[in-house]
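Asks: Construct all of the structure, not just a fragment, from the sequences and the given hints.
Respectively, the protein sequence lines represent chains A and B. Just so we're aligned, residue 0 is where the first sequence starts under numbering that gives the first Met the number 0, counting upward by one. Just so we're aligned, residue 0 is where the second sequence starts under numbering that gives the first Met the number 0, counting upward by one.
No lab work stands behind these hints: they were computed from the structure. One should not assume that every hint holds.
Stated by the list, open to error - Now the stretches of chain B that chain A is said to cover, found in silico as 3 or more residues with beta-carbon under 8 Å:
1) 0-12
2) 17-23
3) 26-34
4) 38-48
Said to hold, decoys possible - Residues of chain A placed beyond 10 Å of chain B at every Cβ, according to the derived structure:
5) N76
6) P157
7) G259
Because the structure is a prediction, the values reported are computed rather than measured. Every residue gets a Cβ at the ideal spot worked out from N, C-alpha and C, and that includes glycine.
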Amino acid sequence: MERRPWTRRLNRRLPLRFRDLLPLPPPPLPPPPLAQNIASTGDHSSPTITSGRTSPLHSGFDSLRRRLRQTFTTERNVFGLSRRYHALELPSHDPEEYSQLDELSDIPPPSSSSILDPPSFYPYPNSSSFRLGDWYWNGGIQKSQSSFKELVHIVGDPEFHPEDIRDTNWNDINNTLGNDKGDEWLDEDAGWLHTPVTISVPYHPRRGVLADPHAGPQDYTVADFYHRNLISVIRERLSESTDNRHFHYEPYELNWQPEGMQRSVRVHGELYTSPAFIDAHRDLQDSPAEPGCELPRVVVGLMFSSDVTHLTSFGDAKLWPLYMFFGNESKYRRCKPSCNVCHHVAYFQSVSPYPFAFSILLIRNSCQTRSKILQPHRLQVGKPRVTHT
Amino acid sequence: MTHCARELMHAQWAILLDDEFVEAWQHGIVVTCCDGIKRRFYPRIFSYSADYPEK
Numbered sequence: 000m001e002r003r004p005w006t007r008r009l010n011r012r013l014p015l016r017f018r019d020l021l022p023l024p025p026p027p028l029p030p031p032p033l034a035q036n037i038a039s040t041g042d043h044s045s046p047t048i049t050s051g052r053t054s055p056l057h058s059g060f061d062s063l064r065r066r067l068r069q070t071f072t073t074e075r076n077v078f079g080l081s082r083r084y085h086a087l088e089l090p091s092h093d094p095e096e097y098s099q100l101d102e103l104s105d106i107p108p109p110s111s112s113s114i115l116d117p118p119s120f121y122p123y124p125n126s127s128s129f130r131l132g133d134w135y136w137n138g139g140i141q142k143s144q145s146s147f148k149e150l151v152h153i154v155g156d157p158e159f160h161p162e163d164i165r166d167t168n169w170n171d172i173n174n175t176l177g178n179d180k181g182d183e184w185l186d187e188d189a190g191w192l193h194t195p196v197t198i199s200v201p202y203h204p205r206r207g208v209l210a211d212p213h214a215g216p217q218d219y220t221v222a223d224f225y226h227r228n229l230i231s232v233i234r235e236r237l238s239e240s241t242d243n244r245h246f247h248y249e250p251y252e253l254n255w256q257p258e259g260m261q262r263s264v265r266v267h268g269e270l271y272t273s274p275a276f277i278d279a280h281r282d283l284q285d286s287p288a289e290p291g292c293e294l295p296r297v298v299v300g301l302m303f304s305s306d307v308t309h310l311t312s313f314g315d316a317k318l319w320p321l322y323m324f325f326g327n328e329s330k331y332r333r334c335k336p337s338c339n340v341c342h343h344v345a346y347f348q349s350v351s352p353y354p355f356a357f358s359i360l361l362i363r364n365s366c367q368t369r370s371k372i373l374q375p376h377r378l379q380v381g382k383p384r385v386t387h388t
Numbered sequence: 000m001t002h003c004a005r006e007l008m009h010a011q012w013a014i015l016l017d018d019e020f021v022e023a024w025q026h027g028i029v030v031t032c033c034d035g036i037k038r039r040f041y042p043r044i045f046s047y048s049a050d051y052p053e054k
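Replies: So this is what it looks like as structure tokens:
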């Protein structure tokens, strides 16, 4: 029996159930001039601006209602998803334009730009010099067999080029290394504030003990509360030029209507497609504008999260950070640490049962009190002494 | 103890949500975005997922 050539097999398509479609961003917006000229055509597959009323109404209330009903729907994409904006005009900025495949899926991108960038060996001029310098500084103080083998390994490597190190100015490089004050870390506290927190701790004299003149609420000051100014974090984020293109200024409804389905189904996934965000956006647009201000008004959706974080495997060193995310960002970006969209805004102080200041306060206020604990010499001496407390 | 933990937490949030934040909440802050358009931003808090550190 004659065998079929292998090439024919390559042309076969996978059965439908094994075929996979790559993720796609929501459907794009039409170009602005097109949207301006669109009338209500009734064709749901094309972008339409639909208005609840056709007759012009002049009262403010009706114009408001008309504005609320004004929606804008994009075309459906291959998955049957379409976007609907509650707005008169197209959004001025469409973040979905910038969505890339690697932001929509966890498939690693085919090529990385880091391959193209030559690695930097600063302050060493090249790889050979760096490896020698590394051996010299990090190879231990004394000569040893293993250190010698390392040196032989470096010099014997085919990647090692003697001509690279011939002109290397070792003194200059070592001076540069010695004078490195770590300038890039000097500013690590920038924007962080220390604020002492004072709370009032109520104290009620215990039964059977004479009333203490110092009884009653006492102030307890917790050491520095480490935090950032929220508004400055928001400002910094909004004016960032590189990452801001993924920021959704206007919410929209995401609807799903596959072929053959009569009604569309609302898709819930992002904060900027949620009813809560759309309501907040609508409330803001309906509220009176700032006097003399015609700027577009945008909701910044803040999402806070916080949990205790243990810092060590053994011991109880811990922090209580407060993180802030922007809900205007896609969750697919928020979950990636490399996108840098999570902001540390505070480190909460917690009331430990045994901090020094707090214990003193408790002791001062607790029953037995002052005469026995804070003035122990009274007991030792045996006769009353004048003490200053 | 519970009272103190709660008071401390609220005191710290009161510092975070300071007058400047309330002002921005009510009247917005104007920021020039990367596309060159000035917009007035109003912060709104949508979610706060955290343990309540009272214990």
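Asks: Hint by hint, say whether it matches the structure.
Replies: Evaluation of the provided hints:
Proximity of the segment 0-12 of chain B to chain A, defined as three or more residues with a beta carbon under 8 Å from a beta carbon of that chain, is established by the 9 residues found. For a cut-off of 8 Å, the count of residues in the segment 17-23 of chain B with a CB near a CB of chain A stands at 4, and the three-residue condition holds. Given a C-beta distance limit of less than 8 Å, the hint that chain A covers the segment 26-34 of chain B holds, as 9 residues qualify and 3 suffice. For the segment 38-48 of chain B, the stated coverage by chain A holds: 11 residues have a C-beta nearer than 8 Å to a C-beta of that chain, and at least 3 were required.
A/N76, annotated as away from the interface, keeps every beta carbon of chain B farther than 10 Å; the closest lies near 24 Å. Consistency note on A/P157: stated as away from chain B, and its beta-carbon is indeed over 10 Å from all of that chain's, at 47 Å minimum. No Cβ of chain B approaches the Cβ of A/G259 within 10 Å, the least distance being about 36 Å, so the stated non-interface status holds.
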